Amino acid sequence: MFCSSLIRICRAPRNIYFKGQVFGFHYKYAVHNFFKVNFSSTVNNEGFRDVLFDLNLYEDVESEAQKYKELLSRYCLYDISTTQNIFFVHPYLNTTDEEKVNDRKELEEESVQLLQTLKWEVPGRIALPVQSLSRKVVFQYNQIKQIRECILRDTSVKYAGIFINKDTLFYGHRIELQRELFDLNVFDRYSVVLQIFKQHAQTREAKLQVSLAEIPYVRHRLRGDHALELENKHSKSRQGESYFHHHMMELKKRENKIKKELCRLKEQRSYLRRSRFKLGLPSIAVVGYTNSGKTSLIKSLTGSDKLTPEDKFFATLDVTLHGGYLPQSHQKVLYIDTVGFISDIPVNLIASFASTLEDALHADLLIHVRDISHPDHERQNKIVEKTLQYIFKGTEKKALKNMIVVYNKVDKIEMNSLMEIISSNAEIFPVSATRYYGMQSLSTLIEKRTLEISGRQLYTFRVKNGGKEYQWIRVHFPITEEIADEKDFNYIFVKTMIKKSDFNKFRSHFVS
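In terms of the UniProt record's numbering, the sequence shown opens at residue 1 and continues consecutively.
These are calculated hints, taken from the structure and not from any lab test.
Since we're looking at a predicted model, the values are computed, not measured.
Note that CB positions come from ideal geometry on N, CA and C, so glycine has one too.
Just so you know, not all the hints are guaranteed correct.
To be verified - Here are the computed lysine-lysine pairs in the DSBU-like style, where the Cα-Cα straight-line distance is at most 30 Å:
#1 LYS257 to LYS207
#2 LYS412 to LYS448
#3 LYS260 to LYS386
#4 LYS468 to LYS332
#5 LYS69 to LYS145
#6 LYS69 to LYS105
#7 LYS67 to LYS119
#8 LYS253 to LYS207
#9 LYS69 to LYS257
#10 LYS207 to LYS386
#11 LYS332 to LYS69
#12 LYS166 to LYS69
#13 LYS266 to LYS412
#14 LYS260 to LYS393
#15 LYS119 to LYS166
To be verified - DEER-style ranges, computed between Cβ atoms:
#16 CYS150 to ARG223: 45 to 55 Å
#17 ASP485 to LEU279: 22 to 32 Å
#18 LEU152 to PRO375: 27 to 37 Å
#19 GLN239 to ARG148: 35 to 45 Å
#20 ARG507 to SER275: 21 to 31 Å
Work the whole structure out from these sequences, hints included.
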């Protein structure tokens, strides 16, 4: 209706048609949420009321958007990407198990890298033993006092916030930490990963998925504030029941709207997947821990100059497809680059990217890339396997059974360590994607597995050049090679990788 005309503003004054009348329309567009409108002619009262209603409707939409931004800012999820100093606190279970101690150290370093991905500096840190990581209260008062003293001790650094290396903090404990630690912003792992996702999302689908992922976190924080307010009924800073009810309703509306749009994009993705299936192109999904070298491996396999791997966490958020060819059969295949996995993030953060990972679900073959040079690669492997089991839950899991495990970055480890790894496990493939070590052998294995799984084999047809059979093959089959018949140049040999059922279709058309 008229509202849409107002929202899609033009740069020049224009006439607006409304209920059979014409009036001149001039405007000034002011910052975010209001118009200054001057009418050069009059309309009847009813029409004027409708115009005001439409303007108010637009202002309501802008107002809600502004309120949501304020809510995100309150929960440290909006515009916190600037460089700042963060004090790092790592809670760990007190144990004498050497393996768990090493895991703790590697997890601590990984979390520091997470913060550095946001260009945050970590000038100070402390690791504190705790009784449990699953309790609502992680730190005792004397430990909070220790954190406070560490922050005060370093007078040369001005801290903007504190990072607690835990998936999600309980609301009451977060409030206590903020109150005792100079009212600094307190971040947990979930909020930091969300910020990284926001920075790296490029496509509309990825941005929607990040928006969907942040809603459960905002809802969790909002419920915490509500519960805290109920405990402090006589506080002067109370927001009131209607405040929380309104925001909860708006979150639900926003969630439904995003899910609806993602469903539409999911249908588009499904349509594109069916189109690729009709073309007969095998698909190979490359999965793994974040920053394990998935994009580098695909670049090496395809020889594409368009791919630009980056040495940082979650460099890839959007699932991308890259065409390549198998070495012997010259069969065209599609390599699928996927979002990397990481430890200690809630399941609903992975679930919000489920539609993106559907391409991996429907792939003919999975390649799991492991960074063998990483000191904590065994723990990373367990996390990837656990995540894949979650994603493939309820499916046949054929792709998991046929998965190729690639040990990447072997150029960064000692030769003795490499030989020990190879001798201990015959099912893995050691490679260096950047130095092309082992890539030829890997390509041969990918070809063998892909053709076995997809049921394709090489067929060679001798047909008349430009004839009906030749034209039919070009339309229905992916051609890998064409060679002229030297004995009779009227004929041509056409090589194609197809299934037996496809060959039978050809026979039914041309062989009586």
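Hints, verified against the model:
1. At most 30 Å may separate the alpha-carbon atoms for a hinted pair to count; LYS257 and LYS207 meet this at roughly 14 Å.
2. Straight-line distance between C-alpha atoms of LYS412 and LYS448 comes to about 28 Å, which keeps the hinted pair within the 30 Å bound.
3. A distance of roughly 29 Å separates the Cα atoms of LYS260 and LYS386; the hinted pair therefore holds under the 30 Å criterion.
4. Taking the CA atoms of LYS468 and LYS332, the gap is about 24 Å. The hint holds against a cut of 30 Å.
5. Of the supplied pair hints, the one linking LYS69 and LYS145 is violated, its CA atoms being roughly 33 Å apart against a limit of 30 Å.
6. Simply put, LYS69 and LYS105 have alpha-carbon atoms about 36 Å apart, too far for the 30 Å limit, and the pair is violated.
7. In summary, the hint linking LYS67 to LYS119 is supported, as the alpha carbons are separated by about 27 Å, within the 30 Å threshold.
8. For the hint pairing LYS253 with LYS207, the CA-to-CA distance comes to about 17 Å; that is within 30 Å, so the pair holds.
9. Proximity of LYS69 to LYS257 is assessed by CA-CA distance (about 17 Å); at most 30 Å being required, the pair is judged to hold.
10. About 25 Å separates the Cα atoms of LYS207 and LYS386, which keeps this hinted pair within 30 Å; it holds.
11. With a C-alpha separation of about 46 Å, the suggested pair LYS332 and LYS69 falls outside the 30 Å cut-off, and the hint is violated.
12. With a CA separation close to 25 Å, the supplied pair LYS166 and LYS69 stays within the 30 Å bound.
13. With a C-alpha separation of about 40 Å, the suggested pairing of LYS266 with LYS412 is violated against the 30 Å cut-off.
14. Note on LYS260 and LYS393: the hinted pairing holds, with a Cα-Cα distance of about 23 Å set against a maximum of 30 Å.
15. Taking the CA atoms of LYS119 and LYS166, the gap is near 20 Å; set against the 30 Å cutoff, the hint holds.
16. Look at CYS150 against ARG223: about 31 Å separates their beta carbons, and that is not inside 45 to 55 Å.
17. Our hint of 22 to 32 Å for ASP485 and LEU279 holds, since their Cβ atoms are close to 27 Å apart.
18. The hinted range of 27 to 37 Å is satisfied by LEU152 and PRO375, whose Cβ atoms lie roughly 33 Å apart.
19. One distance hint, 35 to 45 Å for the beta-carbon pair GLN239 and ARG148, is violated here, with the actual separation near 28 Å.
20. Judged by the Cβ atoms, the range 21 to 31 Å given for ARG507 and SER275 holds: they are separated by roughly 26 Å.
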